[in-house]
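Residue numbers (the numbering used here), protein chains in the order written: chain F, 1 to 337; chain G, 1 to 337.
Please note that the accuracy of each hint is not assured.
[To be verified] Derived BS3-like pairs (lysine-lysine); straight-line CA-CA distance at most 30 Å: (1) G:4 x F:138; (2) F:181 x F:138; (3) F:4 x G:138; (4) F:313 x G:4.
In short, the hints are calculated from the structure, not lab data.
Number of protein chains: 2
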Amino acid sequence: MATKRATINDVASLAGVSIATASKALNGRQDVRPATRERVLAAAAELSFQPNALARGLLSGQTRTVGLLTSDSVGRFGIPVLLGAEDAFGADEMAVLLCDARGDAIREQHHLRALLSRRVDGLIVVGESTNPRPSVSKDLPVPVVYAYGPSEDPDDVSFVPDDVGAAAMAVNHLLAMGRRKIAHITGPTHYKAARDREEGLRLALAEAGVEQVGQTLSGPWSQRWGRHAAEMLLMAEPDVDAVFCGSDQIAAGFVETARERGRRVPDDIAVVGYDNWEVLSTETRPALTTVDMNLELLGRTAAQHLFAAIDGKATPGVHKMPCQLVIRDSTSPPGVS
Amino acid sequence: MATKRATINDVASLAGVSIATASKALNGRQDVRPATRERVLAAAAELSFQPNALARGLLSGQTRTVGLLTSDSVGRFGIPVLLGAEDAFGADEMAVLLCDARGDAIREQHHLRALLSRRVDGLIVVGESTNPRPSVSKDLPVPVVYAYGPSEDPDDVSFVPDDVGAAAMAVNHLLAMGRRKIAHITGPTHYKAARDREEGLRLALAEAGVEQVGQTLSGPWSQRWGRHAAEMLLMAEPDVDAVFCGSDQIAAGFVETARERGRRVPDDIAVVGYDNWEVLSTETRPALTTVDMNLELLGRTAAQHLFAAIDGKATPGVHKMPCQLVIRDSTSPPGVS
DNA sequence: CTCCTGGACTTAAAGGTTTTCGGAAACGTA
DNA sequence: TACGTTTCCGAAAACCTTTAAGTCCAGGAG
């Protein structure tokens with residue numbers, strides 16, 4: 001806590017010039033003699049002058065601020081997007097106003113109004129799942145991009161991970177490792193993520209002419225379910241040699257139970273997870289091969305496209321972002337434990 | 001994307017009054033006839049008018065915005081604090097400008113300037129650990145409160161979890177369950193959290209006149225270390241009947257290995273974790289008794305005190321916030337599995 | 001009738017910055 | 001000397017809202 005804030009007026013009078021000249025000097029404009037500029041800069045430093053962004057924004061109509069409206073309280077998806085966005089903005093000193101609607105539509109509207117009244121230049125909406133969500137962009141005076149959870153309206157700009165492609169990539173990896181008895185354990189079917197990943201699995205298996213082992217097992221996204229599904233699967237399909245799991249939590253549970261039941265991973269059964277949630281994927285034994293959705297890149301890309309949209313160059317549609325397969329010990333080739 | 005934003009001027013002329021009257025009508029002030037107010041409100045609704053917070057802030061000197069400056073990219077501590085802060089602010093529609101310095105002092109200064117230039121009303125600084133950190137508040141024109149990681153300067157306002165008290169509480173719980181052979185596995189000693197939690201353990205044991213079993217084992221905060229430490233501990237001190245772990249990650253690793261080595265939890269060995277990181281604490285077998293640092297409450301309290309400080313009523317010093325012991329199956333009394 | 005009161009509304013200033021335009025000085029050229 | 005050009009700087013408007021102060025008018029009291 002200290003003195004009152006200095007204004008450009010104070011700087012100008014300390015430097016003995018008008019505020020116009022001070023402004024020009026501070027903003028590196030022409031039309032000001034080097035010696036004068038020097039004096040102004042010195043005065044500004046002396047008073048530790050910070051230009052008032054409100055006044056500047058009022059005049060220019062640009063606040064250099066974007067709103068990030070998220071719905072996943074836990075930050076599982078919002079955080080990487082925030083980081084990516086900060087990266088994309090960073091250089092040019094954009095700031096991020098963060099609001100968490102906690103899945104409540106009323107609260108979302110409330111936050112939306114608050115952000116709009118603060119005159120954000122744009123908006124990033126982060127979904128809590130990849131299920132399409134109602135558009136928020138109708139008649140909004142600023143551009144909006146959706147990250148992770150796409151908008152229902154195809155005229156909006158959305159960025160989602162390519163779950164289908166990533167799942168296919170994961171399964172192709174298992175096939176390349178020589179596995180042919182591949183099972184699938186995943187999350188609730190009302191998640192589009194679960195359906196997409198299963199779709200990817202099916203495409204990859206079909207292309208290779210390989211049959212899936214057993215039915216897809218759907219349950220919660222939890223470790224507990226992974227363990228439970230493992231019991232069922234190992235009982236019903238004893239000759240399974242690979243499992244593609246819809247999340248690292250499920251995979252961690254599976255690996256634990258498989259281990260307990262005397263199945264070696266990866267020698268007897270190879271396991272692939274999803275999410276690359278490091279507290280799980282690198283701490284299981286063995287560490288998990290898993291899909292990294294590259295959320296930080298997704299966030300950065302969304303931010304960059306928001307910039308483009310702010311400049312009037314929007315690119316509507318749902319953009320699928322490539323994921324990455326992180327290969328760890330849970331899928332080494334058989335015999336190469 | 002839609003039309004240009006309406007100003008109060010547009011509202012006023014649509015309603016056929018002056019902007020002053022429009023302002024008064026919109027803000028529920030007296031001196032305006034009900035019929036007139038009605039007209040103004042209708043006009044505002046018609047134009048979906050949102051008052052420009054920049055202009056308002058410029059005039060009042062208050063932006064109703066606070067900055068949240070965090071250093072833990074992963075959001076493990078920052079997020080609950082953000083949520084708590086949003087809760088405290090929410091009713092009164094404060095907004096939060098979030099910046100992540102990622103442990104980089106330069107970037108922190110950069111963000112600090114950006115926040116100041118945006119004229120935030122106050123600042124919450126969230127540490128990445130409970131280690132005291134350099135103060136940022138000297139000669140700042142706005143109040144600052146520190147959450148989780150306290151400031152080195154005792155004149156600042158800091159809120160930290162009461163690690164010592166919580167550890168003592170955890171150990172007292174073990175003692176109450178009849179355990180007398182208590183060991184401690186924790187994180188690196190350069191973390192104040194590790195030292196404080198050990199301190200709490202010592203106080204509780206001393207008060208009960210019980211000796212700690214073996215030396216405190218220090219290592220990374222990881223599950224891997226928990227497993228490794230479990231091997232060592234079970235070898236060196238076979239008769240241990242309880243372990244207090246410095247984190248849920250360590251506890252999860254310990255439980256896993258103890259189980260593998262044929263020790264039953266909690267029958268043979270009771271285990272207490274720390275953090276109540278739910279993806280771990282509720283998913284281990286058995287679920288972990290653990291310390292919940294109540295970070296959301298901490299964040300809310302910090303936010304409330306920031307309000308107080310904004311109003312000129314600061315309460316300097318390091319405030320220790322109470323934690324909570326969440327009792328689950330890993331510490332049931334012996335024989336009551 | 002005049003004067004006063006109070007209600008309903010308007011005018012104008014303020015807040016800090018950027019920008020446009022015009023002015024002044026210095027200098028060179030005819 | 002008169003004039004044009006260049007260089008540097010200042011005055012003032014604009015952005016949008018709130019509020020203090022002022023205006024106007026109807027109606028009541030004297």
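Okay, the hints, checked on the actual structure:
1. Restraint check: the Cα-Cα separation between residue 4 of chain G and residue 138 of chain F comes to about 14 Å, which is no more than 30 Å; the hinted pair holds.
2. Straight-line distance between C-alpha atoms of residue 181 of chain F and residue 138 of chain F comes to about 48 Å, which puts the hinted pair past the 30 Å bound.
3. The hinted pair formed by residue 4 of chain F and residue 138 of chain G meets the criterion: a straight-line CA distance of about 14 Å does not exceed 30 Å.
4. In summary, the hint linking residue 313 of chain F to residue 4 of chain G is supported, as the alpha carbons are separated by about 18 Å, within the 30 Å threshold.
Comparing the model with each earlier hint shows a violation of hint 2 alone; every other hint is respected.
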